[in-house]
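Listed here are the chains, written in short residue letters.
Protein chains: 2
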Amino acid sequence: MDKIRRQERRIALTKILADNPNQLFSLSHFSALFDAAKSTVCEDIDAIRQAMEQFGLGRMETVSGAAGGVRFLPVKTPAATAKLLAELATKFSTADRIIAGGFLYMSDILFTAQVMMQVGDIFLTRFAHLAPDYIMTVETKGIPLAFATARAFNLPLVTVRRGSRVTEGSSMSINYVTGSSRRIQTMSLPRRAIPAGAKVLIIDDFMKAGGTARGMLDLAQEVAASVVGIGVLVATAEPEQKLVEDYLPLLILHDVDEHNKKIDIRPAFQE
Amino acid sequence: MDKIRRQERRIALTKILADNPNQLFSLSHFSALFDAAKSTVCEDIDAIRQAMEQFGLGRMETVSGAAGGVRFLPVKTPAATAKLLAELATKFSTADRIIAGGFLYMSDILFTAQVMMQVGDIFLTRFAHLAPDYIMTVETKGIPLAFATARAFNLPLVTVRRGSRVTEGSSMSINYVTGSSRRIQTMSLPRRAIPAGAKVLIIDDFMKAGGTARGMLDLAQEVAASVVGIGVLVATAEPEQKLVEDYLPLLILHDVDEHNKKIDIRPAFQE
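From first to last, the protein sequence lines are chains A and B.
Every letter in the first sequence is one number past the one before it in our numbering, and letter 231, counting from 1, is 403.
Every letter in the second sequence is one number past the one before it in our numbering, and letter 120, counting from 1, is 292.
There could be a bad hint or two in this list.
What the hints assert, rightly or not - Negatives, chain A to chain B, calculated, CB over 10 Å: (1) A209; (2) T212; (3) G237; (4) S265; (5) R298; (6) A300; (7) Q357; (8) T358; (9) P421; (10) D429; (11) K434.
Said to hold, decoys possible - Simulated pairs of lysine-lysine, DSSO-like, Cα-Cα distance not exceeding 27 Å: (12) B:K371 x A:K263; (13) B:K255 x B:K434; (14) B:K434 x B:K263; (15) A:K371 x B:K263; (16) A:K263 x A:K380; (17) A:K255 x A:K380.
Stated by the list, open to error - Simulated restraints, written as ranges between beta carbons of each label pair: (18) A:Q357 x B:S353: 22 to 28 Å; (19) B:A204 x A:S353: 45 to 51 Å; (20) A:A238 x B:A258: 26 to 32 Å; (21) A:K434 x B:A251: 54 to 60 Å.
Treat the hints as calculated values from the structure; they're not laboratory data.
Think of the CB as a built atom: it goes at the ideal place given N, C-alpha and C, for glycine as much as any other residue.
Please work from the sequences and hints to get the whole structure.
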């Protein structure tokens, strides 16, 4: 390979790091890839660290020791988080989102990749200190968001199914009561999906009474995993008392007024 | 803001472009963001174009005219595609993936973000010339892959549900016959999800007889959209005659031998 100029190396390095959040790369790896001395790679990493910080694009972390290296964390700044949540609240507030029954049409935004990737970065920023081993969600609408979160964490995503499927082998099933409609439903998880002792972060798109989150929590306990956190994009203000205790909502849905066609949804916190 | 040095600007630019594939940015946008002359931004873009090409990380495209600008396409090189598909074939071939009934356990890989993002880039590379407006899939296991594809294309993802849901408003439903088990099922799509005349690219994780893909094709036609392509990660070799005609599989599952615990799965093409 031709001698690679510094600027091309740094551009390629940035792209590789951005594409692989939370993945630990050894300096030797980059040193071999770019045919450059480790000290040169270190200088490159420092430059990237500075640029990422200056523009609020994320954080470089260095892990020392023989098994060490560098990794990129796509953490979001408080200002960027506040901006995104305000934009989302505005998007979710348009009157044409009201569906008969007081529901909110959210699917279009929940399946928009560029938005969900950013929300995943917010969950990383908020939950990284809990050091989960797995991200867990339940089908269907929470999947993109949970997937984006799993990508930011560089962790496997486990998707709980409603009912149980023959194509996934033996599975653990539980019955749970949906908090809002009080129906009994079944959810299941392939036995091989999560090992005992694993730390699980639950991510979902919406929480009303918290019955679904409660079900996932129970299911995790059945397979001897522990739930270290619960994050939801939107939680309703009512009922105030949810079936799970600790959870982090990003937006609070205060009211859907079908008669006057008004939706009151606001960021859950100010940073 | 302080005068930004060239290298920091280029690192930040690379990160922004990598995070927003297929999004058109005007030069004025970057010029304002970095407080730099447009000619300077052009030089930066050229350097990024060169580095991306040199390392096979994607392609920069320039769109001229008043509404023009630059965008980044995360296209995959033939070599990188071949390497990824060979790795996937190996991963899918381990004997412990065989589930009673001759099924293959694929969920862990289908929900691994770093792998699916790359498969999404392969579908972009193969289908970009068809210029779809929407990516369509059906719940559940195909969602991460379709989401990754939608991200690469910078397009909205539309997820067909099995049954129909009250929380998504009025919807179009059809009955379809699953090609392999010959059962009649229902799938539905919110009416507002796709406008008439839209061009749709169908993405799914698995195809046996093609009944599900056929159902999505019929559903798209019901809402007056046209299907421009169908991409699946894995298609079975048998039955050779599928219920849809044109589709692009990335891997072919030739055989699952439950007795001898052998799985024969191979890349569908050599590039």
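Here is how each hint holds up against the structure:
With a minimum CB-CB distance of about 18 Å to chain B, A209 of chain A clears the 10 Å threshold, and the non-interface call stands. For T212 of chain A, the non-interface assignment is confirmed: its Cβ lies about 14 Å from the closest Cβ of chain B, beyond the 10 Å cut-off. No beta-carbon of chain B is positioned within 10 Å of the beta-carbon of G237 of chain A; the least distance is around 24 Å. Distance check on S265 of chain A: its Cβ is at least 17 Å (rounded) from any Cβ of chain B, clearing the 10 Å threshold; non-interface status holds.
Non-interface call for R298 of chain A relative to chain B: holds, since the shortest CB-CB distance, roughly 18 Å, exceeds 10 Å. At roughly 16 Å, the least C-beta separation between A300 of chain A and chain B is larger than 10 Å, which holds for a residue marked as non-interface. Residue placement check: Q357 of chain A keeps its beta carbon more than 10 Å from all beta carbons of chain B (closest about 13 Å). At roughly 15 Å from the closest C-beta of chain B, the C-beta of T358 of chain A stays outside 10 Å, upholding its exclusion from the interface.
For P421 of chain A, the shortest C-beta to C-beta distance to chain B comes to about 18 Å, beyond the 10 Å cut-off, and the non-interface label holds. No Cβ of chain B comes within 10 Å of the Cβ of D429 of chain A; the nearest lies about 17 Å off, and the non-interface call holds. Every beta carbon of chain B lies more than 10 Å from that of K434 of chain A, the smallest distance being close to 18 Å; the non-interface claim holds. Of the supplied pair hints, the one linking K371 of chain B and K263 of chain A holds, its CA atoms being roughly 25 Å apart against a limit of 27 Å.
Under the criterion of a C-alpha separation no larger than 27 Å, the hint pairing K255 of chain B with K434 of chain B is consistent with the structure, at around 22 Å. Between the alpha carbons of K434 of chain B and K263 of chain B the distance comes to roughly 13 Å, so the proposed pair stays at or under 27 Å and holds. The hinted pair formed by K371 of chain A and K263 of chain B meets the criterion: a straight-line CA distance of about 25 Å does not exceed 27 Å. As the CA atoms of K263 of chain A and K380 of chain A are separated by approximately 20 Å, the hinted pair is consistent with the 27 Å bound.
As the CA atoms of K255 of chain A and K380 of chain A are separated by approximately 25 Å, the hinted pair is consistent with the 27 Å bound. Our hint of 22 to 28 Å for Q357 of chain A and S353 of chain B holds, since their Cβ atoms are close to 24 Å apart. Checked against the given bound of 45 to 51 Å, the beta carbons of A204 of chain B and S353 of chain A, roughly 50 Å apart, stay inside it. In this structure the hint that A238 of chain A and A258 of chain B lie 26 to 32 Å apart at CB holds, the actual value being about 30 Å.
At about 55 Å, the beta-carbon gap between K434 of chain A and A251 of chain B stays in the expected band of 54 to 60 Å.
Comparing the model with each earlier hint shows no violations; every hint is respected.
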